[in-house]
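Each chain, written out:
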Amino acid sequence: MTDSAGLERGYRRLLAWYPRPFRREREEEILTVLMASARDGQRRPRPIEAVDVIKSALWMRLRSGWPARPGQGWTDALAMFSLAGPLFLLAIDLLEVAWPYRMSNIGLFHAYGLPTGGHRQIGGLTLLGQRGFQIALGCHLLIAVLVLLGLRRIALAAIAGTAIYWFAGRYWIPAPLQQFSVSFYLLGAAALIASPGPRRGRHLVNWGHGVVLLMVALAIQLSTLRYIASTPLVRLASGPDTSAYPWASIALVVAAAGLVVMLKMNRYFPLLVLALCYPYLLLVAVPQTSSSNPVWHPTLVHLALRYLPLLLLAAGAVLMAVTPRRPRATASPA
Amino acid sequence: MQEATFLILTALAQGSQHGYGIITDVKDISGGRVRLRAGTLYTALERLRADALIAVDREEIVETRLRRYYRLTPKGAELLAAEAARLQANAAAALSRLKLTGGTI
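Protein chains in written order, with my numbering: chain A, 1 to 334; chain B, 1001 to 1105.
No lab work stands behind these hints: they were computed from the structure. Possibly wrong hints are sitting among the right ones.
[As the list claims (entries may be wrong)] Covered stretches of chain B, as calculated for chain A (at least 3 residues, CB under 8 Å): (1) 1035-1046; (2) 1066-1075; (3) 1080-1088.
As the structure is a prediction and not an experimental result, all values here were calculated from the model. Glycine included, C-beta positions come from ideal geometry on N, C-alpha and C.
So that you can see chain B by itself, here it is in the shape it has in the complex (with noise of 0.2 Å):
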């Protein structure tokens, strides 16, 4: 799963949320290392939605701006979960390897 992916599912995992929330969510949660645009995540958004990964909630018009909200389906927190324990899993390998060779944590 890349990255940006990734942390899309993150946002969503916690309720849902409209285009401009997830990518500043998106910001926050990877430290401002990630900084999505509209067009990329629009694309992802559409790769996701056609897998059944996530669903549009509901839609708002704010200041006559038109906001649609997005959230996680039941198949897109399962693969979301999935994908979590296995970088949790990769990442634990990796720290006690680390201390085994006595490298810097």
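Next comes chain A alone, as it looks inside the complex (with noise of 0.2 Å):
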């Protein structure tokens, strides 16, 4: 065969797209079917090739939980959000960042003697120059990074400190998204103590989680925006147009949902992300008047519809962990 180490090395090149431990266990037995696949005078793979690799190590890789599909039960669930959920959280902080909602015309806001700060927009580059939205930043960064540098113990530390920094108001972020704090403090800590935590999630999260929690963090703004809009203050500073906001916001949602099936993956799994985005679900889906906006004016019906359920939920997954498990009953010989 002509120049069959050259025709291997570009073999090779190609079955790095598969994930590490796929090619670990596949890649010398799929190089033997590519090799005896090749035509003879080969040099170098053929595009056709290239292409149907690539698009099954793609696949391999949005698919949940290789080898074997493990990952399947509670335990994996929340080892994953222990992973994913202070990244979702921070994705949820930036994309209010990169965006705002722009008004157009400010001129009302001045009339009632509101201040604005000269801004003409709500969210944006504008809540990266304030205190309590750096602080707020900070802490979800710092979260994120100690998930995934899998140090469990201090991860949970950085949680208690965020709780503690967040009840005693130093920490400030736009109203819509205050829904997430609570609710991850309570299931990020859950996660972190009753799973084998975020260097387990490593090896069970993939791509396809991470575009699934994309396009709920991106439903998430669009529906941030539309709330923002419906507000009366602001619907008199007319913005941008945001009444599709809600039914792109539902595509988005059942598109992932969508993905969730198609993959795969744990079923525990957006059970967990949809926990974590239940208060804010509450909150968006009241309709907006001046007089009873839960959000400045929660009553104790409110506070315990919004996080009694997520305190069962995190209340029974540490439960859950430190109880011993009986063995499973084995069958005996006859």
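Each chain sits in its own coordinate frame; assemble them with the hints.
Structure representation (structure tokens):
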């Protein structure tokens, strides 16, 4: 065979597209097939072969939990969440900065004597100049870095510290997104306590999870913009037409759910993401009126409705983790 | 069931085969119409293995190259038989209706 070493090198470069664990087990085997299928005198992979291998490799990367689909249980879902949850929260913050609500007429704000800080936008880069938001973003970034490094206990301490900061009022984030704070403290901490942690999560989370979470984060930002636009004062300041945003948001969530089913992801993982979003969903579902706003005037019932289910879920996860399990019954010989 | 999946299971129905063997067998079974490439084959094999329709039978080293042989599991054989019966019934129905309407076969 002509220049089989060169051809082999070319194939190996293509096989590098596959996820590392898959490659470890299958590279030699697929290479055998590729070399056997090569034409006489072929010196490099043909474009059709390259497309075929890359397509297969991308599919493998998007598929959940290669090899042998581990991580279908509750504990692994928590491990995935312990890693993906902080990254998701950070993505939501960054989208708020990257995609503000731009107003075209802020004269009425001034007429009402309301401060705008001279800004024509809600959210966006102006957030980065505000100390409360800097602290919030810094805390979220720190937690994300700690889980990426697999430092479970330090990440847990950082979540506790962030919660204290938030409680002390040192931490500020725009109102709709504030809803993620308490749910994240509860679920993030529970995931770190009750699961094998972000190191295990790193083996289970893949590009597919990333795409799903990004779609959900975009849906949240769209719905936040709609929420801002529907507040009475902002309505007066006239901004972009957001009437189609809720539909776009729903379409993104449906597409993300479809991807979860198609990629056969751990079924508990989307439930945890849904639980994280639950207080936010309650908020945006309530029609905006100036007199009854659950963000500014939460009653005890509001708070219980918002956080009790999350508290029970977090407590249940921790309880399951600390409760010794009964060994499975095995069939005895007849 | 996709045609490629059906043909891969059919290729394994007579005994275990390695990757390249499956490719050549699928080509023969389909009369040269279906030519599997390595990437497509291994995506399908992964899916079939995850669904417990096939399993790794054995490994061999031939001229310094690794060959892994796959075999059909009982569940895979059952699914293939059901699919073949379904296709046969559909084909029979189509042929009988073509005869009734005087179509050519």
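What hint numbers does the structure not satisfy?
Of the numbered hints given earlier, the structure breaks just one, which is hint 3.
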